[in-house]
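Those sequence lines, one after another, are chains W and V. Residue numbers for the first sequence follow the working numbering, so the first one is 1392 and each next one is one higher. Residue numbers for the second sequence follow the working numbering, so the first one is 348 and each next one is one higher.
Everything labelled a hint here was simulated from the structure, so no lab data went into it. One should not assume that every hint holds.
Which bits of chain W does chain V cover? Going by a derived footprint, with three or more residues having C-beta under 8 angstroms, they are [said to hold, decoys possible]:
{"hint": "1", "region": "1405-1411"}
{"hint": "2", "region": "1489-1498"}
{"hint": "3", "region": "1606-1613"}
What you are looking at is a predicted structure, and each value in this text was computed from that prediction instead of being measured. C-beta: ideal position from N, C-alpha, C; glycine also.
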Amino acid sequence: MKILIIEDEPALAKSIGAYLADENYLCEFAANFGQAIDKVSVYDYDCILLDLMLPGGDGLKILEEIKQQHKQDGVIIISAKNSLDDKIKGLQIGADDYLTKPFHLPELAARIYSVIRRKQFGNVNIIELNELKINLLAKSVTVNDQPVVLTKKEFDLLLYFISNKNKVISKSALAEHLSGDVADMFDSYDFIYVHIKNLKKKLTEAGCDNYLKTLYGTGYKWEI
Amino acid sequence: MSKLLNRTMKRFMVYAGIVLVLSIPVYYYMINLLWRHELNEHHIELTAAAGREDRYLIIGIVTGLTMLFFLLLMIGFILLNRRISRRLWQPFHKSLAHIRNFNLDQQQPVVFEHTDIEEFSELNKSLEKLIAGNITVYNQQKEFADNASHELQTPLAIIQSKLDLLLQTKVLTNEQYDLIEEANKALARVTRINKNLLLLTKIENSQFMDRETIDLSGLLKSTLQIFSVFSENKQLLLQTDIAPGVTIEGNKILIEILLNNLITNAIRYTPADNTIEIVLTDQCLHIANPGTTSLQQEQVFKRFGSTSSDTPGTGLGLSLVQQICNRYQWRSAYEFANERHVFSVRF
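Model the full assembly from the supplied sequences, consistent with the hints where possible.
Structural data, given as structure tokens:
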């Protein structure tokens, strides 16, 4: 899986690259408009992370170029501009997702995972992990072919963990993922514990190995 | 309120009236004198009865004539005044119409028509200068909002990503993890403050112009639904009395922010096991939560007015509420009554 990171801030590009490196992702970088256009026109990528404010030109132009060449690359805009106009414009031109800086790297990984999944699997959209089987379209989960009923939040959490396999996820990243802007207005992370506890319990009761580890008392990790 | 020209007109009329009324005895005296002189010259004698009769006749005619002239003067004044005012103030009314149609958002510079009246020409010149200045400042502010967003959020994004990477380090101790989480929390707060400040600037710049009709009852219900996770978590009872079908005109994003901030506030500052009252009527939204002491009235809606180190808020939430209310000429208010903090928005 090839990912192109178009980001002019080297420190941020490096972090994203480092976080994504251990999955099967191969990351390439472009730090300005010219480089980005060159790479995009010559190679195909599974997913492109696109910063909108670039030296040498507007990132939206790159997106237009990709769409003009009828490329199938998934595109996620990562921008500091949190303006609705840009979001709508980006999504209209054909971006698959829009993430506002600053973001948690696990959140980015989850979005990339979801974009690639949508592009690659088409209609058959099933993730298999040993005894665990997740049907993404039907939003159903089975363990050893026995159905497990999860709430929407629990299902969402499970996918978040799976798209960040073997990575430590902090509770602040989880809180933001679960309820976006609303979560960080409250100090309490209690509601995360509840969802995680329920997810863990439902999976182990159905006979699933305990992949979801609690680390350092409060962080979590899906180990496989 | 009266028109400028009418105001001077009134004075003129009063003056003309006084002069005419005062002229009545003068006329009478002069005519009487003249009349007697003529009688004497021609040696005509009048009986006392005839003399009295003539006096009344003269008084009557003099008064009637004076009144007639007064009426003529008045009609003339009014007609002339109308014509003068229409012609004289035409450039002024045109400039006024231009200013009325001017909208800072649309960025069209105002061009006033040429006038050969010096005062108006000067007024127009000053107005043009003022408006051009405003447009420049507006653009600068807008640019600042965008730039600040980019300049601040990029370093924040770097810090966030480095913290996330640090968390992946193999040999972290509990203490180190806690340190990272503390940094994460502070970072989340800075991010929120930055976001809200930008939002405030944008509202003050009137960047959310589009208006639509919003079903406030529905929006309030769905907002409460979203927040129910948090209120249940604190065992709070949300006691609602929402009139159905209340609609308002406004920008949806702003109205959502308004509701979110008021509800978040109520939930955040209410101790567990308590009741929050939410009432929506045609004219008013009203949220009350229990409290022990009154907040400082004049500080409540100010930026960073109520921030303290032990609250997780940004200190900008209520300031945003007030800005949004100002934008739509609604009235936001806070009062402390019966051991309750009551926030209300009157549409």
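Quick rundown of the hints versus the structure:
A stretch counts as covered by a chain when three or more of its residues have a beta carbon under 8 angstroms from one of that chain; for the region 1405-1411 of chain W and chain V the count is 4, and the coverage holds. With 7 residues having a beta carbon nearer than 8 angstroms to a beta carbon of chain V, the region 1489-1498 of chain W meets the requirement of three or more and the stated coverage holds. Closer than 8 angstroms: that is the beta-carbon criterion, and the region 1606-1613 of chain W has 5 residues meeting it against chain V, so the requirement of 3 holds.
In summary, this structure violates none of the numbered hints.
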